[in-house]
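Can you build the whole structure from these sequences, using the hints too?
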Amino acid sequence: MKLEEATARLLEYLENEQPKQQDRLKPERELAVIVGCSRETLRRALDVLERGGRIWRHHGKGTFYGHPGAEEPRSMDRIIEAASPEELLKARLVLEPALAAQAALAATSNDIERLTKLAAATTAATDWQQYEKADREFHIAIARATHNSLLIGLFLTLSAVRGRARWQRQHVDVFRNGHKTGYAARQGKMHSDIVANIARQDGESARLAMKQHLKSIYDLL
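Residue numbers (the working numbering): 1 to 221.
Be aware that a few hints might be false.
Cut-off 16 Å, straight-line C-alpha distance, at most; resulting in silico cross-link-like pairs (EDC-like, lysine to aspartate or glutamate) [said to hold, decoys possible]:
hint, residue 1, residue 2
1, K211, D193
2, K215, E86
3, K61, E28
4, K117, E87
5, K117, D193
6, K26, E15
7, K61, E86
8, K26, E4
9, K117, E132
10, K90, D193
11, K61, D23
12, K2, E40
13, K215, E87
14, K2, D47
Pairwise CB distance ranges, derived in the manner of DEER restraints [stated by the list, open to error]:
hint, residue 1, residue 2, range
15, R136, R24, 28 to 38 Å
16, L93, K20, 30 to 40 Å
17, Q201, K20, 51 to 61 Å
18, R29, T116, 48 to 58 Å
19, R39, N16, 19 to 29 Å
20, A160, Y218, 11 to 21 Å
21, R24, E4, 19 to 29 Å
22, P19, A91, 25 to 35 Å
FYI, nobody ran anything at the bench for these hints, they're computed from the structure. For glycine and all other residues, C-beta sits at the position ideal for the given N, C-alpha and C.
This is the structure we're talking about:
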């Protein structure tokens, strides 16, 4: 069953049940049977409803109708789990250009050396696993080059979304559609441009280069 149909059936079920605000819904395994879809598809449908504010989920407690009460803020784990690939890239477009600009002010010679090696590794990647590993390490190294523990922590929290299955599936499709080694070479060249600007301590150019790099990925989604 496609996600759109599962989401529509789930909404129809909720409209028929008319739960009250903060009512806990049935367990996922029961909802999957009611909707007639797999549990994976059900979770994705629940993600859609959660982003739309129709439900909220509390790890270890279940899924609830409506908005969370003031005493029940959404945990970061739940936010990360519900985030879509598009939301991830939009968040990265806000944060990472600023990290690149800050790295241009704070990076050491050791940072530049590591970034240069990682940029070369992304360029040389011949399959998705190699590229994903090098790309992830490159962007983490940019954050670490700021030498700001709060900025590093914020980025690592955001980066956790990359480990989720939906991002992995989406990114491998982008890699394949970008003709694999050709995609790696193009993105690797952008990585090298970012490093060059950081090495020159040109924060504004580093910011713009990072923005262009992430925008090129966003446009392929």
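Going through the hints against the structure:
no. : hint                     : verdict
1   : K211 to D193             : holds (12 Å)
2   : K215 to E86              : holds (11 Å)
3   : K61 to E28               : holds (12 Å)
4   : K117 to E87              : violated (29 Å)
5   : K117 to D193             : holds (13 Å)
6   : K26 to E15               : holds (14 Å)
7   : K61 to E86               : violated (28 Å)
8   : K26 to E4                : violated (21 Å)
9   : K117 to E132             : holds (15 Å)
10  : K90 to D193              : violated (21 Å)
11  : K61 to D23               : holds (12 Å)
12  : K2 to E40                : holds (11 Å)
13  : K215 to E87              : holds (13 Å)
14  : K2 to D47                : holds (14 Å)
15  : R136 to R24: 28 to 38 Å  : holds (37 Å)
16  : L93 to K20: 30 to 40 Å   : holds (39 Å)
17  : Q201 to K20: 51 to 61 Å  : holds (58 Å)
18  : R29 to T116: 48 to 58 Å  : holds (50 Å)
19  : R39 to N16: 19 to 29 Å   : holds (21 Å)
20  : A160 to Y218: 11 to 21 Å : holds (19 Å)
21  : R24 to E4: 19 to 29 Å    : holds (26 Å)
22  : P19 to A91: 25 to 35 Å   : holds (31 Å)
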